[in-house]
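Undergrad: Build the full structure now, drawing on both the sequences and the hints.
Read top to bottom, the protein sequences are chains A and B. The working numbering puts the first residue of the first sequence at 6, with every later residue one more than the last. The working numbering puts the first residue of the second sequence at 5, with every later residue one more than the last.
No wet-lab data here; the hints were simulated from the structure. Do not take every clue at face value.
What the hints assert, rightly or not - Label pairs and their calculated CB-CB ranges:
id, chain 1, residue 1, chain 2, residue 2, range
1, B, F137, A, S22, 21 to 27 Å
2, A, D60, B, H553, 52 to 58 Å
3, A, V25, B, T27, 38 to 44 Å
4, B, E254, A, I35, 44 to 50 Å
5, B, F137, A, Q61, 41 to 47 Å
6, A, K45, B, V482, 55 to 61 Å
To be verified - 25 Å max Cα-Cα, derived PhoX-like pairs, lysine-lysine:
id, chain 1, residue 1, chain 2, residue 2
7, A, K71, B, K216
8, B, K349, A, K71
9, B, K204, A, K71
10, B, K338, A, K71
11, B, K130, A, K17
12, B, K204, A, K17
13, A, K45, A, K71
14, A, K71, B, K335
Unchecked claim - The following residues of chain B were derived to be distant from chain A, with all beta-carbon distances above 10 Å:
id, residue
15, G53
16, T89
17, K230
18, E359
19, A476
20, G541
We put the CB at the ideal spot given by N, CA and C, even for glycine.
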Amino acid sequence: MLHTIVVYVENKPGVLSRVVSLFRRRAFNIDSLTVGRTEKPEVSRMTIVTDADEDQARRIVANVYKLVNVLLVDDVTHHPALLRDLALVKVAASRETRSQVLELATVFKARVLDIASDSITVEMTGGEEKVDRLLELLHPFGLLEVVRTGIVAMRRGAKSPSVTTKAKAAGTVDDGTVSYSV
Amino acid sequence: MGSSKATEKADSKAGANAGEKPTTMTGARILWECLEREGVKTVFGYPGGAILPAYDALRHSSIRHILVRHEQGATHMADGYARATGEVGVAVATSGPGATNMVTGIATAMMDSSPIVCITGQVGSKLLGSDAFQETDITGVTLPITKHNYLVTRADEIAHAVREAMYVAKSGRPGPVLIDITKDAQQSTCELDWEGAAPKMRGYRPDLSPAKEEYEKALELIRHAKRPLILAGHGILVSGAEHEVKAFAERACIPVALTLLGLGTLPASHFLNLGMMGMHGEAWVNKTIQEADLLLAFGMRFDDRVTGNLKTYAPNAKKIHIDIDPAEINKNVKVDVALVGDLRKILLELLPRVEPGNHSDWIEYIRGLKGDTAVRDIQNLPDNGHLYAAHVINDLWHETRDRDAIIVTDVGQHQMWEAQYYKHERSRSLITSGGLGTMGFALPAAIGAKVARPDADVWVVVGDGGFQMTMAELATIVQENLKVNIAIINNGYLGMVRQWQEFFYDRNYEATPLLNPDFVKLGQAYGIRSVLVQKRGDVVPAVRAAHAHEGPVLIDFKVEQEDTVYPMVAAGAALNEMIRRPNPLIETAEDE
Ligand SMILES: Cc1cc2nc3c(=O)[nH]c(=O)nc-3n(C[C@H](O)[C@H](O)[C@H](O)COP(=O)(O)OP(=O)(O)OC[C@H]3O[C@@H](n4cnc5c(N)ncnc54)[C@H](O)[C@@H]3O)c2cc1C
Ligand SMILES: Cc1ncc(C[n+]2csc(CCOP(=O)(O)OP(=O)(O)O)c2C)c(N)n1
Ligand SMILES: [Mg+2]
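TA: As structure tokens, this is what we get:
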């Protein structure tokens with residue numbers, strides 16, 4: 006099944022390639038990966054969607070944690086979470102079909118960004134399935150160009166685990182214990 | 005970059021307590037100064053343009069530099085140094101080809117969790133990315149084979165990188181760390197802020213510990229086990245848990261099987277020590293694993309040379325896995341309880357709570373399993389004029405057992421015979437490349453071991469094939485005046501590959517016969533005392549003479565050419581499906 010894993014990393018050069026290299030080396034698959042800034046300038050945040058069973062997902066988390074620049078790994082798959090994908094979609098739209106395309110956009114709450122004589126470009130943000138559905142419905146009109154960002158994720162409520170950005174001196178015993186019961 | 009910010013902050017702090025006088029020096033001097041303060045006494049290296057500023061600054065340092073003959077050698081030496089002591093070994097090379105020559109040694113250290121730090125020169129920071137002369141993206145190249153690596157472009161980042169690298173290499177599950185330092189970073193000057201450069205890490209969790217309830221589950225399984233078995237691995241040695249493992253095994257009365265890299269962590273002569281498990285492990289050990297009802301894996305990672313076919317592995321056993329690396333849990337073998345953390349700490353928790361056990365029936369049963377398989381038949385053969393590798397190893401063991409000996413093996417048949425016929429009584433008395441199986445490892449790793457432990461008797465046990473991969477380091481031995489003894493197990497073949505061809509490829513000996521140089525003359529060319537031994541009766545005198553000689557000695561043991569390592573679990577077969585040695589007398593007759 007698809008697992009959605011949020012990875013908080015130090016905002017340093019090369020960290021993205023370390024994460025990606027790990028996935029490649031361990032033959033973990035990447036369905037989508039996004040990376041961006043957060044509320045803390047020294048922390049970047051990745052959302053990785055990967056096709057993995059529970060055991061594999063646990064191994065992925067454990068392996069990602071081994072990267073020295075990784076601060077926190079949170080598999081949000083089994084937590085209530087907001088998952089959002091953004092797509093820019095350029096659809097062929099002649100004078101006859103234009104209104105149908107616009108109607109679909111309205112129903113899906115997609116923003117119309119550009120209208121040209123023979124095309125319409127809309128921006129769709131939503132859960133992955135909703136974006137899929139819109140694309141499916143627009144398909145018959147002719148999809149000229151599609152780009153999607155991949156999923157970004159955030160837990161619902163105030164209960165996201167917090168990232169310690171405080172530096173630990175070498176040899177400090179980690180406060181966390183781990184439970185790997187099976 | 006975050007690290008430079010950290011330095012600035014720490015700078016002001018250090019100024020406030022004014023504990024240490026900050027001194028302005030070049031990055032090159034800072035490099036050696038920091039290594040020295042980290043306790044490094046020796047580095048193994050090879051110079052070149054991009055690392056020359058560092059070499060120039062070496063004259064200000066008390067660090068001993070050992071000039072190698074190939075950068076791969078430098079990495080194996082650092083590795084051998086680390087495995088002999090547990091301390092970080094350090095290797096140095098220039099950019100480009102110097103750095104890429106290190107790749108094999110780094111991968112070897114990675115696979116066997118050996119703490120080394122590799123320092124490479126890099127082209128000037130302004131030239132990065134321009135395909136400048138001898139520019140290689142070595143941090144990119146080594147990304148998947150280092151525990152961590154650093155590209156340092158400024159003098160004021162060097163101290164931090166060195167201190168953090170030493171810490172990362174050694175802490176948690178150890179491994180190789182590489183620091184790539186641009187030439188201008190070595191040349192420019194700044195103040196050394198030692199305190200401010202102390203590793204302060206925001207991520208990185210090397211020191212986990214198990215949750216309370218996991219201990220309970222483990223104790224419960226141990227309490228109910230009737231046929232328990234400890235699988236002793238390399239992690240025991242890394243953790244320094246030899247004493248605790250022995251105490252645990254004795255208290256709970258549980259027999260112990262060892263991995264190749266675990267050999268020596270429990271004395272071979274200990275009544276609970278069954279011997280090595282796995283592909284070329286003892287037949288009764290593998291049978292015991294298959295019949296056990298509880299496996300306690302102590303710092304071992306269920307390598308495929310250990311488990312054979314995973315589908316049929318230890319089908320009746322519950323499993324408890326103690327390992328410092330959570331990523332090892334359920335990787336190959338699904339376990340029932342996992343205790344994640346440092347083995348020694350965990351055993352210290354378990355020890356007072358584990359009930360004294362009595363498994364004498366089980367132990368008696370295992371003794372029965374040994375049956376005829378425990379007989380080292382080859383040793384009982386009358387001397388028929390043939391010299392077998394097993395004889396050589398056995399005699400070498402006899403002659404070194406009462407000495408403080410370290411045996412460093414290469415990879416191949418001789419490595420397996422060493423594991424089977426040399427009875428290791430002490431931890432760190434065997435150094436061998438297990439996970440990567442790197443031919444050419446032995447000679448340089450032995451140099452590292454000898455430098456680390458000058459009082460130990462260091463013996464290289466190496467095949468005629470692997471020896472030729474790094475034999476250039478003979479010159480290093482001579483130049484550095486090191487007493488390293490070399491036993492070449494010369495069978496005229498890439499023996500282990502020939503064995504696979506014998507079993508699985510219709511005896512088609514494609515590309516495995518070796519035309520070798522005269523190793524005696526070769527050794528002599530380096531000024532090394534070298535002798536040829538072809539008869540069983542000459543083995544002991546040759547070993548004794550080597551011990552008596554002050555300098556290094558090379559012995560070319562011409563052994564039986566088409567001998568085979570038994571028993572063997574073919575790759576992918578179940579552990580109990582072993583290929584056994586046919587009647588040795590018949591086999592020998594066929595050879596004639
Ligand atoms: C030709 C050839 C044949 C071989 N045949 C065999 C064979 O027959 N039998 C055999 O056993 N091997 C064999 N090997 C070696 C095999 O490939 C593996 O290298 C070996 O089995 C690994 O042993 P290990 O798991 O004990 O050590 P490692 O691979 O070094 O693993 C050590 C484990 O301990 C953990 N650890 C480290 N520090 C700590 C700590 N402080 N606390 C707790 N855990 C810690 C690590 O995380 C890791 O999981 C062979 C190799 C070659 C080249
Ligand atoms: C660098 C490297 N190349 C190839 C191999 C594959 N290999 C494993 S054992 C072996 C033969 C080793 O021959 P030798 O050194 O003569 O030792 P023997 O097996 O004869 O004792 C080879 C080629 C390897 N392990 N390492
Ligand atoms: Mg050979």
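Undergrad: State for each hint whether it applies.
TA: Status of each hint after checking the structure:
1. For F137(B) and S22(A), the hinted distance range of 21 to 27 Å is satisfied, since their beta carbons lie about 25 Å from each other.
2. Taking the beta carbon of each, D60(A) and H553(B) are about 56 Å apart, inside 52 to 58 Å as hinted.
3. Under the hint 38 to 44 Å, the C-beta atoms of V25(A) and T27(B), about 41 Å apart, fit the expected range.
4. In this structure, E254(B) and I35(A) meet the distance hint of 44 to 50 Å, their C-beta atoms being roughly 49 Å apart.
5. A hinted range of 41 to 47 Å holds for the C-beta pair F137(B) and Q61(A), which are about 45 Å apart.
6. One distance hint, 55 to 61 Å for the beta-carbon pair K45(A) and V482(B), holds here, with the actual separation near 57 Å.
7. The straight-line distance between the Cα atoms of K71(A) and K216(B) is roughly 23 Å, inside the 25 Å bound, and the hint therefore holds.
8. Under the criterion of a C-alpha separation no larger than 25 Å, the hint pairing K349(B) with K71(A) is consistent with the structure, at around 21 Å.
9. For the hint linking K204(B) to K71(A), the alpha-carbon distance of about 16 Å falls within 25 Å, and the restraint holds.
10. For a cut-off of 25 Å, the pair hint linking K338(B) to K71(A) stands: about 21 Å separates their Cα positions.
11. For the hint pairing K130(B) with K17(A), the CA-to-CA distance comes to about 19 Å; that is within 25 Å, so the pair holds.
12. Restraint check: the Cα-Cα separation between K204(B) and K17(A) comes to about 15 Å, which is no more than 25 Å; the hinted pair holds.
13. A hinted pair counts as satisfied when its Cα atoms are at most 25 Å apart, and K45(A) with K71(A) qualifies at roughly 22 Å.
14. As the CA atoms of K71(A) and K335(B) are separated by approximately 15 Å, the hinted pair is consistent with the 25 Å bound.
15. Annotated as non-interface, G53(B) keeps its C-beta farther than 10 Å from every C-beta of chain A; the closest such distance is 25 Å.
16. Consistency note on T89(B): stated as away from chain A, and its beta-carbon is indeed over 10 Å from all of that chain's, at 19 Å minimum.
17. Here K230(B) stays apart from chain A, with its beta-carbon at least about 22 Å from theirs, past the 10 Å limit.
18. Non-interface call for E359(B) relative to chain A: holds, since the shortest CB-CB distance, roughly 22 Å, exceeds 10 Å.
19. The beta carbon of A476(B) is kept farther than 10 Å from every beta carbon of chain A, the shortest such distance being approximately 31 Å.
20. The beta carbon of G541(B) sits about 52 Å from the closest Cβ of chain A, which is more than 10 Å, so the claim that it is off the interface holds.
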